[in-house]
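Undergrad: Since the structure of chain U is already known, use the hints to place chain P on it.
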Amino acid sequence: MYAWAGKMLHVDLAKKKIWKEDLDRKLGIQFLGGRGINAKLLWDLVRKPGIDCFSPENVLIFGTGVLTGTTAPSSGRTTITCKGALTNLYLKTNMGGHWGAEVKFAGYDHIIVYQRSRKPVYLWINDDNVELRDAQQLWGLNVRQTDETIKRENDEPEAKVACIGPAGENLVRFAAVMNSVYHAAGRGGAGAVMGSKKLKAIAVRGTGELELADPEKFNELALSARIGLSKDREAIKLYRTGTAGEMEVINELGSFPSYNFKVGKVDSVYPISGECFVEKGYLDRRVGCFSCTISCHRYCSVKTGPFAGASGGGPEYETSASLGGGTGNFDTGAVIKANELCNIFGLDTISTGVTIQWAMESYERGVLGKAGTDGIELKFGNPDALIATIEKIAYRKGKLGNMLAEGTMRASRRVGKRSWKWAICNSKGLEQSDVETRSAKGYALAFSVNPRGPDHLHTEVLAEFGGTPTRLALIKKITGDEKWATPYRTEYRPEIVRWHEDCYAITDSLGFCAFSSTAAYAVNPKNMAEMFSLATGMRFNEKEIMLAGRRIITLEKSFNVREGVDRKYDDLPWRLMNEPAPTGPGKGLMNSREELNGMLDRYYALHEWDRKTSWPYEKTLKKLGLKDVADQLRKMNRIPRPSSKD
Amino acid sequence: MVACSAAKEKLFSLNKTRIWVPKRESICLGVPIICEQCDPAPCLVVCPMKAISRHPKTGSVVVDREKCIACKECVWACPFGAINVQKGVAVKCDLCDGKPACAEVCMPGAIKYLDLERPYMQKKWKSLERRVEALSALFSGGS
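Going down the list, the sequences are from chains U and P.
Sequential numbering of the first sequence, starting at 1, is according to the working numbering.
Sequential numbering of the second sequence, starting at 1, is according to the working numbering.
If we strip away everything but chain U, and leave its shape as in the complex, we get (with noise of 0.2 Å):
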């Protein structure tokens, strides 16, 4: 086979057997690789609904993009899917850094885990060797010494280590897996089930190669992408400031969303901004994952004030502001530090920072005391409080960090109160991404619509806001109208969210990152077709993968409807749905219910589903070669009658 390594490993930690099994060609055909096989991979082995993410029949999914381990730009991801922890639904959680790369040249491109472990392990894979060792000493160890202790037991200093830090032993449930040290999967928990597992790491040395079909079109195409994607505006800016760079214009147009979604603007953005870290010398380098151009990735550190010495990868922009503008934190050391505790503690950084928000608003509001923040001042702005509960939730230690350990829908409910008015997750349990959908209202319907919960990175549909001439001419060819890139407007944007899905799903399955395919737009459908022909020999054209990809969407929708979710679950947070924006351009939207249902109709009617329950018809799921899962959903009475249409 080419650009595929190949092989899938399975492992099952139960019977402590390791086993190889050749690529199925037809998987790559349908699923293309990455996140389509593992959606794939996870409809199969977990076919009993309602089982609990920790249970051990939850499997473990890691699967690399196709053409991981190539010179196409940005192109070295990997896609781990599993049961999430904080939804129990469908989770696919995706990671850059150089893991994926290592695990294609090792020869495989999904590991499968099953089971659990009675004693902690980790996988050792060098090459055709696979053994499962013991991993009582690793075992309490935080994300950056579990790595260099791997590294150097194995004198293996070029491995690359995926793992799980504290907070996935502790089965935090928005434990994130950590690769390269700084670069996490870190949404939906999919640490926290490795913990379940008792998995404490993969580590891979690979000293093998890829073969390519084509290898020299191939290259000449890869250069030519690398070249656009170079000269890409967005691209630009990503590598100069970071993911973060620009959170003053977002802070200006009030659609910064601070103090648990109630500002919309703050005096200052600065300090937590990728500008800050540049001018002011705490990027101390930028970082690329493999095989990038784009290098949105940095390291950096303190080095001075209260919080010198912390460091680390990033921050991110949805770290800056869930930790910082949605805490209220202000201050570019605190926000570095919080960020290196997520980091070692392997801890999704939205997750921890959302969490922790609806704990503030909870304290100020009186409906948490201090006996419930076992004597912690938990007030927005407080920099120590902010550091001390992060540690807290990573251990779960006292009252708070066990309660918050659980995310914010579990542990508003325990609360009671009516805390779940101001806790940013939806029905299905995930908490929202730092993204102000009252104003935005294409990703406010792709973010009700993802299958994980509300975030961004199941639809990026920044080119909604228009305001370049690629963005433009995206919205022309979705809609036929360049006008309908404002993101006020709710025309269009199931169209515009159908096509981002479809592309979207191309992009996690080759491997490629996001930020080239939806923030620029230098890899587009048609060349990653072209690039996924020249490198496997197998001939797609731009719609037929646009196909491939929407396959994948309407399978993990599948499972979900499996488990038992209907079009309820397709909501956005209360507070976001009842409470208008604060301020700016926005102001006084908001993501009304009767707004959202008028999305929802015409964006289920795009797909063929179901418009009262959301589900997909029979033959939908036929046309897209999925007969196995219409005949499944069948004998569970979860196939809508034609006649329900209207």
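Think of the hints as simulated: they come from the structure by calculation, not from any bench.
The C-beta atom is built at its ideal place from N, Cα and C for all residues, glycine as well.
Errors might be hidden in some of the hints.
[Said to hold, decoys possible] Far from chain U, by Cβ distances over 12 Å, these chain P residues were calculated:
hint: 1; residue: Ser13
hint: 2; residue: Arg24
hint: 3; residue: Ala41
hint: 4; residue: Met49
hint: 5; residue: Ser53
hint: 6; residue: Thr58
hint: 7; residue: Val89
hint: 8; residue: Gly98
hint: 9; residue: Ala101
hint: 10; residue: Val132
hint: 11; residue: Ser136
[Claimed, not checked] Pairwise CB distance ranges (calculated):
hint: 12; chain 1: P; residue 1: Arg130; chain 2: U; residue 2: Arg152; range: 25 to 33 Å
hint: 13; chain 1: U; residue 1: Arg118; chain 2: P; residue 2: Phe80; range: 47 to 55 Å
hint: 14; chain 1: U; residue 1: Lys217; chain 2: P; residue 2: Val45; range: 35 to 43 Å
hint: 15; chain 1: P; residue 1: Phe80; chain 2: U; residue 2: Arg152; range: 24 to 32 Å
hint: 16; chain 1: P; residue 1: Lys112; chain 2: U; residue 2: Tyr488; range: 40 to 48 Å
hint: 17; chain 1: P; residue 1: Lys112; chain 2: U; residue 2: Lys217; range: 47 to 55 Å
hint: 18; chain 1: U; residue 1: Asn541; chain 2: P; residue 2: Val45; range: 54 to 62 Å
hint: 19; chain 1: P; residue 1: Glu117; chain 2: U; residue 2: Asn126; range: 45 to 53 Å
hint: 20; chain 1: P; residue 1: Tyr113; chain 2: U; residue 2: Ile236; range: 17 to 25 Å
hint: 21; chain 1: P; residue 1: Met49; chain 2: U; residue 2: Glu220; range: 49 to 57 Å
hint: 22; chain 1: P; residue 1: Pro79; chain 2: U; residue 2: Arg152; range: 25 to 33 Å
hint: 23; chain 1: U; residue 1: Tyr488; chain 2: P; residue 2: Asp115; range: 50 to 58 Å
TA: Frame of chain U; chain P shown alone:
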């Protein structure tokens, strides 16, 4: 690195390359190690088979695959660790006949191909010093 293996071996690998980037991931630091095309070149001087010569057009130091006996003299002589032996032949960067693949794909411009007049070692000194400094941070545990 994959661009190098693709150009030279028509394969995508981190192991069949003429450039290496050792890394310390905890401080996000990587330093490229590649032939500096030294002038005079220690590898060229020590080769017992006279298999290493200077390319007349590009000025790069190149290995004659036919003459090479894989004795590794050049590997030990190289001050940069930029030569290794793969499949019984000494392998090193030959600047891809004046169109180096690594520089072509390096978008941030960390690797640039410049046409320098001989003697050029002096001109490269600053960049070399910086890299040696970074390498010592890489291996010593500093940042």
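Undergrad: Hint by hint, say whether it matches the structure.
TA: Okay, the hints, checked on the actual structure:
1. Ser13: violated, 3 Å
2. Arg24: For Arg24/P, whose nearest Cβ neighbour in chain U is about 8 Å away, the distance does not exceed 12 Å, so it is violated.
3. Ala41: holds, 27 Å
4. Met49: The claim holds: Met49/P sits with its nearest Cβ about 28 Å from chain U, beyond 12 Å.
5. Ser53: holds, 28 Å
6. Thr58: holds, 21 Å
7. Val89: holds, 17 Å
8. Gly98: holds, 17 Å
9. Ala101: violated, 8 Å
10. Val132: holds, 17 Å
11. Ser136: The claim holds: Ser136/P sits with its nearest Cβ about 15 Å from chain U, beyond 12 Å.
12. Arg130/P with Arg152/U: 25 to 33 Å: Hint holds: Cβ distance 27 Å, inside 25 to 33 Å.
13. Arg118/U with Phe80/P: 47 to 55 Å: For Phe80/P against Arg118/U, whose Cβ atoms are near 49 Å apart, the range 47 to 55 Å holds.
14. Lys217/U with Val45/P: 35 to 43 Å: About 41 Å separates the Cβ atoms of Lys217/U and Val45/P, which means 35 to 43 Å holds.
15. Phe80/P with Arg152/U: 24 to 32 Å: Distance hint for Phe80/P, Arg152/U holds at roughly 25 Å.
16. Lys112/P with Tyr488/U: 40 to 48 Å: Because 45 Å falls inside the window, the suggested range holds.
17. Lys112/P with Lys217/U: 47 to 55 Å: violated, 26 Å
18. Asn541/U with Val45/P: 54 to 62 Å: holds, 56 Å
19. Glu117/P with Asn126/U: 45 to 53 Å: holds, 47 Å
20. Tyr113/P with Ile236/U: 17 to 25 Å: Check passed, 22 Å falls within 17 to 25 Å.
21. Met49/P with Glu220/U: 49 to 57 Å: This hint is violated: roughly 37 Å between Cβ atoms.
22. Pro79/P with Arg152/U: 25 to 33 Å: Because 27 Å falls inside the window, the suggested range holds.
23. Tyr488/U with Asp115/P: 50 to 58 Å: This hint holds: roughly 54 Å between Cβ atoms.
When each numbered hint is compared with the structure, violations occur for hints 1, 2, 9, 17, 21.
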